[in-house]
Amino acid sequence: TVQFMYGCELGGDNSTGGYRQYAYDGEDYISYDLKTYTWVPVPTQAQITQRTWNADAALLQQWRAYLEETCV
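If you read the sequence shown in this note's numbering, its first letter stands for residue 648, the second for the next number, and so on.
No lab work stands behind these hints: they were computed from the structure.
Ideal placement from N, C-alpha and C gives every residue a C-beta, glycine not left out.
Possibly wrong hints are sitting among the right ones.
Claimed, not checked - Beta-carbon label-pair distances, calculated as ranges:
{"id": "1", "residue 1": "Pro690", "residue 2": "Gly659", "range": "32 to 42 Å"}
{"id": "2", "residue 1": "Val719", "residue 2": "Thr683", "range": "18 to 28 Å"}
{"id": "3", "residue 1": "Gly659", "residue 2": "Gln697", "range": "25 to 35 Å"}
{"id": "4", "residue 1": "Arg711", "residue 2": "Asp675", "range": "35 to 45 Å"}
{"id": "5", "residue 1": "Asp703", "residue 2": "Gly659", "range": "26 to 36 Å"}
{"id": "6", "residue 1": "Ile695", "residue 2": "Gly659", "range": "34 to 44 Å"}
{"id": "7", "residue 1": "Ile695", "residue 2": "Asn661", "range": "31 to 41 Å"}
With the sequences and hints as input, model every part of the structure.
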């Protein structure tokens, strides 16, 4: 089973943040890091997904913009 979760946050000082992550069979698989704007794998098996997703600069930028600007 693949699970997907994301959310956005607005701080009291108007700072924004958010998260986007995937799990597989109830275990964390990969998540988007808003500090580095890259995908971070949890198990070793997620490294293939990480390399593929991190190679798409436009998509990385799209998720940054969505989580920090649009979503809130």
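So, against the hints stated earlier in the document, which numbers end up violated here? 4
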